[in-house]
Amino acid sequence: MTHLRIEHVAKQYGGRTVLHDISLALPRGEFLSLLGPSGCGKTTLLRIVAGFELPDAGRLLLEERDITALAPRQRQMGMVFQAYSLFPNMTALDNVRFGLRVRQLDPAEQQRRAREMLDLVGLGDHMGKFPHQLSGGQQQRVALARALAIRPALLLLDEPLSALDAKVRVQLRDEIRRIQQDTGVTTIFVTHDQEEALSVSDRVVVMNQGRLAQVGDPSAIYAEPENIFVARFVGQAAEFSGRVLDGAAGIVEVMGRPVRAARARGLPEGASVHFLLRPESVRVAAAGEDASGLPGTVRARTFTGAHTRLEVGVGPDAVVLALVPAVEAEELPPGAAVHVSWAEDAARVLPAEPGLIGAARETQTVEPVA
Amino acid sequence: MSAGRRRAWGGGIPFLIVVGLYFAVPLIATGLFSLWEGGSRYGPAAYIAVVQQAPLWASLFLSFRLALETILVGLVILVPAVFWMHLRTPRLKPVFDFISVLPFVVPPVVLVAGMTALYTGPDWLVSTPNYLVIPYVILALPYTYRALDVGLRALDVRTLTEAAQNLGAGWGMLVFRVVIPNLTTALIGAALLTIAIVMGEFTFANILLFNTFAVYINYIGGTAATQAAALTLLSFVITWLAMTGVLLTGRGQVQIGGAR
Numbered sequence: 225m226t227h228l229r230i231e232h233v234a235k236q237y238g239g240r241t242v243l244h245d246i247s248l249a250l251p252r253g254e255f256l257s258l259l260g261p262s263g264c265g266k267t268t269l270l271r272i273v274a275g276f277e278l279p280d281a282g283r284l285l286l287e288e289r290d291i292t293a294l295a296p297r298q299r300q301m302g303m304v305f306q307a308y309s310l311f312p313n314m315t316a317l318d319n320v321r322f323g324l325r326v327r328q329l330d331p332a333e334q335q336r337r338a339r340e341m342l343d344l345v346g347l348g349d350h351m352g353k354f355p356h357q358l359s360g361g362q363q364q365r366v367a368l369a370r371a372l373a374i375r376p377a378l379l380l381l382d383e384p385l386s387a388l389d390a391k392v393r394v395q396l397r398d399e400i401r402r403i404q405q406d407t408g409v410t411t412i413f414v415t416h417d418q419e420e421a422l423s424v425s426d427r428v429v430v431m432n433q434g435r436l437a438q439v440g441d442p443s444a445i446y447a448e449p450e451n452i453f454v455a456r457f458v459g460q461a462a463e464f465s466g467r468v469l470d471g472a473a474g475i476v477e478v479m480g481r482p483v484r485a486a487r488a489r490g491l492p493e494g495a496s497v498h499f500l501l502r503p504e505s506v507r508v509a510a511a512g513e514d515a516s517g518l519p520g521t522v523r524a525r526t527f528t529g530a531h532t533r534l535e536v537g538v539g540p541d542a543v544v545l546a547l548v549p550a551v552e553a554e555e556l557p558p559g560a561a562v563h564v565s566w567a568e569d570a571a572r573v574l575p576a577e578p579g580l581i582g583a584a585r586e587t588q589t590v591e592p593v594a
Numbered sequence: 002m003s004a005g006r007r008r009a010w011g012g013g014i015p016f017l018i019v020v021g022l023y024f025a026v027p028l029i030a031t032g033l034f035s036l037w038e039g040g041s042r043y044g045p046a047a048y049i050a051v052v053q054q055a056p057l058w059a060s061l062f063l064s065f066r067l068a069l070e071t072i073l074v075g076l077v078i079l080v081p082a083v084f085w086m087h088l089r090t091p092r093l094k095p096v097f098d099f100i101s102v103l104p105f106v107v108p109p110v111v112l113v114a115g116m117t118a119l120y121t122g123p124d125w126l127v128s129t130p131n132y133l134v135i136p137y138v139i140l141a142l143p144y145t146y147r148a149l150d151v152g153l154r155a156l157d158v159r160t161l162t163e164a165a166q167n168l169g170a171g172w173g174m175l176v177f178r179v180v181i182p183n184l185t186t187a188l189i190g191a192a193l194l195t196i197a198i199v200m201g202e203f204t205f206a207n208i209l210l211f212n213t214f215a216v217y218i219n220y221i222g223g224t225a226a227t228q229a230a231a232l233t234l235l236s237f238v239i240t241w242l243a244m245t246g247v248l249l250t251g252r253g254q255v256q257i258g259g260a261r
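So the protein sequences, as listed, match chains P and X. So for the first sequence, the working numbering puts the first residue at 225; every next one is plus one. So for the second sequence, the working numbering puts the first residue at 2; every next one is plus one.
Chain X on its own, in the form it takes in the complex (with noise of 0.2 Å):
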């Protein structure tokens, strides 16, 4: 290592520490408290009361079903898009950047009141959970569009394109042999992504009054104090363990057909 890397080092590890004691503090101060069993006793008694609750498997399956929906809508409607954009409009890019930013200006409450001013339609929709998969798309839209601008900005759409219908593919074996296997980083990143964020949304389903898994965690932090602490954690983990996957991917540490 030489001595300017060095001395760069010397300066980064105190600030390392501060945010590393900013984050670790607070969830180590939760672990503990999920930990307490009132007076002086620690144990798991507030985990095995959590797991032991059929409702809160209820919210997390919802909640888990709802992220593939979104997954599953949010692609449909994206992949043709910002293929599109970038084979036949590029020059339309700054539009979509713009558009795929909209979601941060809007705060969720004016989203949601327009939205239920909005929207009507059959009662599978609107009267089910299946409704929050509108507000979800629009939320993890930002993420969505950029890793899959940035997977397609990889490839060289067009010329792969081209290569593909002067070898006499139509638009289906295209986007299915050519496209979409070259995108399974992005792809996942997009996946991984919406689930975390779909995982951890309260605004929307409360204020929809669905008892998606963070409503009931908030539920549960208004009865049972440990207990909301024990599944702030689970939460956490589970939001980790979909950054993990981001990351692994994103870094190309997993090797998908060949394609980086």
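One chain only, chain P, in its complex shape (with noise of 0.2 Å):
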């Protein structure tokens, strides 16, 4: 069942417009991200949902009701910020109360609450301390038990990480997913880092420019780009300009090269389209031993861990990334001479005239699968 329902929120600051027709529809305990480069609209989107701006045009349903013009304090939504946003002159236990006494709550009920949301981020020791006491990750916990302290109807996350070390990040987040989990609580999260959308999220919805650029679960965001915005903004990938030589067969020229594309199918003869490798579908084998795909050269190798990221010169300009085994990569010593090749359906092609497939998505409402 749709719990909250966006539908062609616009917004506009100064006669720039940043936010186009957007229209989502997020089911009960679902964990959305909104995952974009900064000014994309992500952040405006969320205040909007909170109350904190007002679109220029569209509405917002929860639970069917419009919300649209109602204060943020009557929205019962928790909010995280970016920026530390716990009062200053409150222990960690009177900011998780301070929801619960504003609706007037029985004092010894706002206690018992306020504990048990300190306990279940972890923070039941440092009840009495103050916010200047506690490092950056504890007051974002804080402040997450506060959110969550006032049963929101929806859980409001405004890039709540940035401010963080990696290390405190990570564990965070994945903190921030299994409290999601347990309390089953509706999420917005935004957020610009990628890694971080896609490794908590239900769905993500990728935006660029005001507009919903592809929504989806994680795995296909990543594997099944719809438009080159996302290819080149999730994750890392070789691009090339091609051309279909054969739509029936799936065959695209690459380099002046004919190479098999499983995704070219069904695409017209002549087409120009982007042609995107990711780092860990390419296989890279020595030359002579493997004549498909393209002949290049060892640029660079960095060794990372378990893998050892290849730089393969295949042109001038062209450069494809590959992720190989330690192990094998040590026969690939920069500028040796190799062959790159990739899983059929491995490579990704896009048309490059927009129209050919899931042309102006940005007015369609996105419904959830479930």
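Any given hint might turn out to be false.
To be verified - Okay, the calculated beta carbon distance ranges per label pair:
1) X/Ala114 <-> P/Asp290: 56 to 66 Å
2) X/Phe62 <-> P/Asp389: 49 to 59 Å
3) X/Phe105 <-> P/Gln395: 51 to 61 Å
Claimed, not checked - Listing some non-contacts, in silico: residues in chain P with all C-beta distances to chain X over 10 Å:
4) Gly360
5) Asp426
6) Gly440
Please keep in mind that the hints were generated in silico from the structure rather than gathered at the bench. From the three backbone atoms N, C-alpha and C, an ideal C-beta is built for every residue, glycine too.
Using the hints, put the two chains back together into the complex; each one sits in its own frame.
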């Protein structure tokens, strides 16, 4: 059942459109991430959901009730902000109790629920501490406990991890997901970090210039980008211009050579395409061992642990990145002549002219699968 | 201590001695004079005479009451104004900054002339020392504004406001439970500076013919010089106590409600 429905929401600032006709539906209990570069409109969309901004057009329905005009304090939404937002004059416990005091709950119940929430975020032993006595990660945990204590209809996370160092960020990210699953609270998580979005979400919304570039589960976003923006923004890929030689057989011309690409099947002959290869789907073999694919020369070799990252030049300005097992890479020093190849269905082929596939997605309502 | 720091201190000490003497010598002289009882006799006679004067206490209490009223009126006007500026109109900050320094460029005599021409009102205001609260709020404006501005700049006003609203708080709850408790240091600083200003203010009170503490010191100065010296030292003590309070709260040596 749809919990939150965003219908045709648009927003302008001083003549500049930051959100174009956004429609989305979230089922109850979903963890949805809004992912995109700075200025793509993800935070504006979240702030509209929270009530801090009013949309110029469109509406928001929570459990089919129109909440578009409701003030933030009437929306029963818990929010964790990017900046540290704990009230400096209150202890961790009083911060978590704040929303319960506003609701005039029985003091004993306030105390019980606030303690329960602090235990949930693993800060049961820090209840009496003031914000300045807590680390950044601990402060964001308290902020999370405070947002959850009011039993929100929706949990809104506005880049809550971006001010934290890498290790704490990963820890807290996993913890947010665990807590979200334990409590079942419907959550919208704004981030510009693709790894964060892909690792914790049920669905990811990739946004670009105020539009929905793609909506899907994390694996689909990574493996099946629907347009060149998503392909470039999510993960790494070597990108080539190509032309469909045979739409029936799935053959594309890349770097002047015909290569097989299952995903080119069905495209009209002669169509210009983007041809993309993820580093982990590229195989590299010494020249002569494998004649398929593209010939090239190893330009650089970077040891990263279990895998080695190879930069293979396949043309004057064309480089393919490959992640190969460290043992195999030992045979492929810089300067070695090699062949890069890939499984037929591993290469992504996207039409260069818009309109061939999945055009005008931004105006369609994206319904959840469940 | 490093050699560099030693050198810096070495250069600073003579300077500190000169500045110290500049401040201390007149005070010591005033102190000695206040103890002079004629001829070569020294004693506390001037102090005893001063504390036995009922008009002195009346003027002291009046000035103190006016200081409290000034603090109250000043904060009631400025706390919401500066809070709103930080929250919604940060672009107007230069305008606020400009207005806040106007009392420095308008001479008190001009201000009081303008005030008497402009302000009319009920007797309890214009015919009583309460009238002085109006110019005193203006006089204290630069200090009160700056103290509040610094206090609010140290807070992320927008995020705290949104966090409170998101948790269901209205404006009252936000101001009294979140903003003011986090501004205690700034508010105490503003209040103590106001006390220091009002206790020593002479021009307005004298022109408008109200008998405040500073006016009384001036009057005594014309009639009993040693008592005037004793009162001057007393007013110094009051100002210094206020300033020490500002320093202590400002440095965070006094921790209020866990907020720094």
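Here is what the structure says about each hint:
1. For alanine 114 of chain X and aspartate 290 of chain P, the hinted distance range of 56 to 66 Å is satisfied, since their beta carbons lie about 60 Å from each other.
2. Take phenylalanine 62 of chain X and aspartate 389 of chain P: their Cβ atoms lie about 58 Å apart, and the range 49 to 59 Å holds.
3. Range check, phenylalanine 105 of chain X to glutamine 395 of chain P: Cβ separation about 53 Å, and the 51 to 61 Å hint holds.
4. Taking the minimum C-beta to C-beta distance to chain X, about 14 Å, the non-interface status of glycine 360 of chain P holds against the 10 Å cut.
5. Residue placement check: aspartate 426 of chain P keeps its beta carbon more than 10 Å from all beta carbons of chain X (closest about 23 Å).
6. In this structure glycine 440 of chain P is separated from chain X by more than 10 Å, as the shortest Cβ-Cβ distance comes to about 29 Å.
When each numbered hint is compared with the structure, no violation occurs for any of them.
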